[in-house]
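J.: Need the complex rebuilt from these two chains, each delivered in its own frame; the hints are there to steer you.
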Amino acid sequence: KAGVTQTPRYLIKTRGQQVTLSCSPISGHRSVSWYQQTPGQGLQFLFEYFSETQRNKGNFPGRFSGRQFSNSRSEMNVSTLELGDSALYLCASSPMGGGNTEAFFGQGTRLTVV
Amino acid sequence: TQLLEQSPQFLSIQEGENLTVYCNSSSVFSSLQWYRQEPGEGPVLLVTVVTGGEVKKLKRLTFQFGDARKDSSLHITAAQTGDTGLYLCARLPNTGFQKLVFGTGTRLLVSP
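The listed protein sequences correspond, in order, to chains P and D. Each residue of the first sequence is one higher than the last, beginning at 1 in this note's numbering. Each residue of the second sequence is one higher than the last, beginning at 1 in this note's numbering.
Keep in mind that the hints were calculated from the coordinates and are not lab data. All C-beta atoms, glycine included, are put in the ideal place defined by N, C-alpha and C. Just so you know, not all the hints are guaranteed correct.
[Claimed, not checked] Using 20 Å as the maximum straight-line C-alpha spacing, the simulated EDC-like pairs for lysine to aspartate or glutamate come out as follows:
no., chain 1, residue 1, chain 2, residue 2
1, D, 57, D, 41
2, D, 56, D, 83
3, D, 59, D, 83
4, D, 56, D, 41
5, D, 56, P, 102
6, D, 57, P, 102
[Said to hold, decoys possible] These stretches of chain P come out as covered by chain D in the derived footprint (C-beta under 8 Å, 3 or more residues):
no., region
7, 38-52
8, 75-81
Same shape as in the complex, but just chain D (with noise of 0.2 Å):
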């Protein structure tokens, strides 16, 4: 069972575009990580997020935490081609082990 929804499915852009990912639970997140995942590849950590209305930037991506924790958004401001891949956002388990439970993605194509 999907517990995180994500948005769009899919998003195909030209470079130089804005775009933004949605993430979205009916239960509260402790804490949630965005992941990118290019093709071939493991997904590879962007951030961690904790507290409610939490905002971190990453070079062109913003990455926001709702302020009630069941929500965060992922903006990248002016796309490259190097941001293609499937973004996917995930929450963190409340214990101590080693459990995420990832969105359904989104799979971003940007073209030159």
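Okay, chain P solo, but in the shape it has when bound (with noise of 0.2 Å):
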């Protein structure tokens, strides 16, 4: 069974700019889950989809979104980047999400903005 791919691994921005990052869930799941993680915050949620809709959502400004297709693949934007974005984000999958049920991490998409 394959696990959760994240595309793509390494981007460089430039600030202003915005970008796209791209999680495909293991088969099945349909909860998709997205952290950023630095070294100054550690791991902290974004927001989490499921069955295409927004359940949860991090303290993050509205410049991080996120969306999640029919076939549970998710895409997560930021825009008008600054440095402070300069992160590993990382994307999660769960059957179903919620209490007591295990998430699976992708590697993660290391994001420089320069």
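T.: This is the structure we're talking about:
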């Protein structure tokens, strides 16, 4: 069974640009969550999608958005990039989401904003 | 805001040594998970603990959930170089949403 796939693995963007990251969950998983990991703030929840609907959102500005497609694949978009957006962005999938269920993480996309 | 404090932040030990990592919160957990993250990879689930006082073992790793469900510990016996990584505790939501709140992390380096 293929794991969670995130593309691209590495990305360099300039301040002010926008970026789109992609996540393909494990086949059959309907919940996709996104996290940002930085040395200073650690791992922080961005948002979760389930059946194409955003179910939960973390405390990030509106520049961070996402969507989920009918095949459960998800994308997240960051507009007007800032230097502080440099981070490892991780996607996690789970069958239904919710308490006590395992989240399977992808390898992440390392975004560098210069 | 980090709701889960882990200690120590960094740990550098020799192969064969024992170690304990702690995860503490000011509020009660419904349940808690421990993950290990290796460089260049995403976190991988090690264990889920649900009941206060629960102890779970995974080979050389022993996980304990505090009686009051506000703290947890991970003890590694006879550490190996393959144990090197970032250890993260994470609080699970009470709701049906998938939203993990992660601890500050403990970076472990096991040298031969």
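J.: If you check each hint against the structure, which ones fail?
T.: Numbers 1, 4, 8 - these are the hints that the structure violates, sorted from lowest upward.
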